[in-house]
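S.K.: Sequence:
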Amino acid sequence: MGLKADSWIKKMSLEHGMISPFCEKQVGKNVISYGLSSYGYDIRVGSEFMLFDNKNALIDPKNFDPNNATKIDASKEGFFILPANAFA
1 MGLKADSWIK KMSLEHGMIS PFCEKQVGKN VISYGLSSYG YDIRVGSEFM LFDNKNALID
61 PKNFDPNNAT KIDASKEGFF ILPANAFA
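Start counting the sequence shown at 1; every next residue gets the next number (UniProt numbering).
Because the hints were derived from the structure by calculation, they are not lab data.
One should not assume that every hint holds.
Using 30 Å as the maximum straight-line C-alpha spacing, the simulated DSS-like pairs for lysine-lysine come out as follows [said to hold, decoys possible]: (1) K25 / K10; (2) K71 / K55; (3) K76 / K55; (4) K25 / K55; (5) K4 / K76; (6) K11 / K25; (7) K25 / K76.
Use the sequences and the hints to build the structure in full.
M.R.: As structure tokens, this is what we get:
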């Protein structure tokens, strides 16, 4: 699947539940932007995720090694700043 226009994203989200919860307009005043924009959708993530801290490890989603990542719970702080050269 290639790039999809905002009209396609909106239709699929409203009629087929592709994104839930779905925000029809881009919100960005006083917060980091999220919601529908032209040719895209800015997302927000939950407060729990894995930070991959072994940069030399092979990440195989079908054979995931939890020793290559640290579980992050940002619910207390309400935010998380991803370190430079890192991915989650």
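S.K.: For the pair supplied as a hint, K71 and K55, is the alpha-carbon distance within the 30 Å limit?
M.R.: 16 Å, holds
S.K.: Could you grab the alpha-carbon distance between K25 and K10 and see if it respects the 30 Å cut-off?
M.R.: 10 Å, holds
S.K.: Tell me if the straight-line CA distance from K25 to K76 falls inside 30 Å.
M.R.: Distance of about 28 Å is within 30 Å: holds.
S.K.: Is it true that the CA of K25 sits at most 30 Å from the CA of K55?
M.R.: 36 Å, violated
S.K.: Taking only the CA atoms, is the gap from K4 to K76 under or equal to 30 Å?
M.R.: 35 Å, violated
S.K.: For a C-alpha distance cap of 30 Å, please report whether K76 and K55 respect it.
M.R.: 27 Å, holds
S.K.: Between K11 and K25, does the CA-CA distance stay at or below 30 Å?
M.R.: 13 Å, holds
In the structure shown, a violation is registered for the earlier hints numbered 4, 5, in ascending order.
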